[in-house]
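S.K.: Protein chains in written order, with numbering that gives the first Met the number 0: chain A, 0 to 274; chain B, 0 to 248.
FYI, nobody ran anything at the bench for these hints, they're computed from the structure. Accuracy of the hints is not assured; some may be wrong.
Taking CB as the label site, the calculated pair distances span [as the list claims (entries may be wrong)]:
hint: 1; chain 1: B; residue 1: Arg131; chain 2: A; residue 2: Thr168; range: 19 to 25 Å
hint: 2; chain 1: B; residue 1: Thr201; chain 2: A; residue 2: Glu87; range: 52 to 58 Å
hint: 3; chain 1: A; residue 1: Gly69; chain 2: B; residue 2: Val207; range: 41 to 47 Å
hint: 4; chain 1: B; residue 1: Trp45; chain 2: A; residue 2: Asp86; range: 19 to 25 Å
hint: 5; chain 1: A; residue 1: Cys163; chain 2: B; residue 2: Ile46; range: 41 to 47 Å
hint: 6; chain 1: A; residue 1: Pro101; chain 2: B; residue 2: Leu57; range: 35 to 41 Å
hint: 7; chain 1: B; residue 1: Arg59; chain 2: A; residue 2: Thr40; range: 42 to 48 Å
hint: 8; chain 1: B; residue 1: Leu57; chain 2: A; residue 2: Glu87; range: 39 to 45 Å
hint: 9; chain 1: A; residue 1: Ala272; chain 2: B; residue 2: Arg131; range: 42 to 48 Å
hint: 10; chain 1: A; residue 1: Asp201; chain 2: B; residue 2: Leu199; range: 43 to 49 Å
hint: 11; chain 1: A; residue 1: Cys163; chain 2: B; residue 2: Arg59; range: 43 to 49 Å
hint: 12; chain 1: A; residue 1: Asp86; chain 2: B; residue 2: Glu56; range: 32 to 38 Å
For glycine and all other residues, C-beta sits at the position ideal for the given N, C-alpha and C.
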Amino acid sequence: MPADAEPSIPKTAATTSTVDSPAGGPGGPGSRELIRLEQVTKRFGDHTVLDRLDFSVDTGKHVTLIGPSGSGKTTILRLLMTLTKPDEGTITVDGERLFPAPEQQCREVRKKIGMVFQQFNLFPNMTVLRNITEAPVTVLGLSRDEAEDRARELLDLVGLADKCDVRPTQLSGGQQQRVAIARALAMRPQVLLLDEVTSALDPELVAGVLDLLRDIARSTDITMLCVTHEMNFARDISDQVLMFDSGRVIESGPPEKLFGDPDHERTREFLSAVL
Amino acid sequence: MSEITSGLWGLLLHGLWVTVQLTVFSAALGAAVAFAVGLARTHRLWIVRFVSGAYFELFRGTSALVLMIWVFFVVPMTLGWQLVPMWAAVLTLGCTYGAYGSEVVRGAVAAVPQAQREAGVALGFTPVQRLRKIVLPQAWPEMVPPFNNLLIELLKGTALVSVLGVGDITFAAQLVRNATGRSAPVYTVILVMYFVLAFLLTRGMRRVERRAKASVGRLAPAEPSGTAKTGRVRQQDLAGSSSATGGVS
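Chain B with its partners taken away, still in its complex shape:
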């Protein structure tokens, strides 16, 4: 039994940094996968829809934890090369959460009224131009809230990487517990760490959501904001909120 020394605190802080990195990299890969697979699932060619649909089902139906172990321990045995644990983790998390995200992208794109696409056809836009200028900008505000959920799921999912020996928060906590023999303080601390990270993510995504809604001329959920840029002042005014009372974010 011993106290948590400053060296052990440093370990936890480093773990925090690793978790943040894992979240950012996996989210970036996941977003790329989500858009690629999600759009492929709305493609007019059945084979593209089939392949992307199979990808979605495959990754939805497998455990991220098992998959991560598999990528790290089984793939090297068959292929003869091994990924650094960090990248094996990012690859697994990105592909898994990207699969969930593809459903969000597919749904939001499908929810854009057909009439908007028809207006695009009438103006002579190509399919790619319609997607880029009309469909995706209108689908984006619908994607942000479910993406926020997925992002937080992903953040918590990064704890799985401790099984590969990646030094994230959870792994650091295990080391600290081994060193001190006490579980309660360290696991309480990391619970709070995860919560604070998730809370910050949510705050950030709220801002993204407000901006996205304003970009299609819709009012975002009313919330006091002192950070409105001039371009969005009209929206803020319509919402009836006084920006002088704005809180922190």
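Isolated chain A, as found in the complex:
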């Protein structure tokens, strides 16, 4: 992906005043700030998962979060999807407050965000087609015909056009995950959150799902926020890579820099362990 990607994320979150990095803030040339977290802290009991985190993502950018397990990467996605609430801080998506905010407003903001889970989480009580059409019909108010047209197009995109009427339980893990991707895209979200989407897959099924996501990243202008342990994939699709450790972003930059010549000792350690 482009080497001239504008870093919209502060170099390190430890210095709290760097949120408005040169190219990042609202009104930055050519791109608009879509997601913004300010001073976000999340604790589980005594354990601080996110520690006064600041970062922002511009429209259309593909941002990958890497780092050791338990470093808070997935928690960020869950905060954005409102599956969990921060203890402190503010979260803004597309100019609208997501936290703190009344439930009604969260509901509106949620429509702009799609999420794909590690374990797919397809609904076993619905056919594949119904999995994809239910939310557009119920939440967005599309007619069933419109929703089905949209779903068939997406199933075509993910290569499962012939699986409309089967149950998710009859599909392989890789197929289920591709349906889950189609289901998220059917809502036409501005942001797609990908939470370790290949971690639960058999090794031989990983490539298919990653290729699909590469396609989507290339062919759409959707903003992607991706937690992954697939470093090659991260290198391919990312405009920006964030290295997490102990609830903080310890280093960020374009993939060439971060994977090629990381500044931080911890990043070098992590990369040498996983690559």
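Fit chain B to the given chain A structure using the hints.
M.R.: This is chain B only, laid out in the frame that chain A set:
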């Protein structure tokens, strides 16, 4: 000592009909109570959980027989109006078995993986939509077998209504015994009647269970069936059963 005349048989048959009615009405009320109370017990507001939990404990901890007598004889003295015996019985049985059923609903709803709800949140469903489209359809197959047990308990529990003079099977049997002076034949007959009713209920609930399991893409316990509709043929095929050998149900 005398034989059971056809008039007395008619009495028993009418009793059978009353028992069936009692079972159906009480089950309908019980199901409504079970879902309302069971879902209330998973509500996020503590006061709703508290009230519904108190209801459950109250009805679990009281004897249905005593409660029925109380509703029929004590309530009228304090409130000044009296329910028809049939409806006093249905009210008591429905509320009591509904309380037991609420535990079934609560447990089955709690057993639906949290990840399913989260997927619902991610797609923008409201809490009510999540419940209706995701949680309840997945919880339902888990509810059917324990509901079957409760339904049979309820059927047998309807015998309590004879104390209010409702003419169910058991009440009719008492009349027949009084008329003939013989207990053995009539009580043997009604034992069989209860058993046949319970057996039919179980058969019916098995079908409901098969259908419920198929609705979430799971295989039901293998059983020959000649009654599969085309929509479920795939499940039947996977179960490896030949529908041509299907039995009666």
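S.K.: Hints first: check each against the structure and report whether it holds.
M.R.: Evaluated hints:
1. At about 21 Å, the beta-carbon gap between Arg131 of chain B and Thr168 of chain A stays in the expected band of 19 to 25 Å.
2. Distance hint check for Thr201 of chain B and Glu87 of chain A: the Cβ-Cβ separation is about 57 Å, which falls inside the suggested range of 52 to 58 Å.
3. The hinted window of 41 to 47 Å between Gly69 of chain A and Val207 of chain B holds, with their beta carbons roughly 45 Å apart.
4. With their beta carbons about 22 Å apart, Trp45 of chain B and Asp86 of chain A fall inside the hinted range of 19 to 25 Å.
5. In this structure, Cys163 of chain A and Ile46 of chain B meet the distance hint of 41 to 47 Å, their C-beta atoms being roughly 45 Å apart.
6. Taken as a hint, the range 35 to 41 Å holds for the pair Pro101 of chain A and Leu57 of chain B, whose Cβ atoms sit roughly 37 Å apart.
7. A hinted range of 42 to 48 Å for the beta carbons of Arg59 of chain B and Thr40 of chain A is consistent with their spacing of about 44 Å.
8. A hinted range of 39 to 45 Å holds for the C-beta pair Leu57 of chain B and Glu87 of chain A, which are about 43 Å apart.
9. At roughly 46 Å, the beta carbons of Ala272 of chain A and Arg131 of chain B sit within the given window of 42 to 48 Å.
10. Restraint check, Asp201 of chain A to Leu199 of chain B: a C-beta distance of roughly 47 Å satisfies the suggested window 43 to 49 Å.
11. Against the hinted window of 43 to 49 Å, the Cβ-Cβ separation of Cys163 of chain A and Arg59 of chain B comes to about 46 Å, which satisfies the hint.
12. Between Asp86 of chain A and Glu56 of chain B the Cβ separation comes to about 36 Å, which falls inside the hinted range of 32 to 38 Å.
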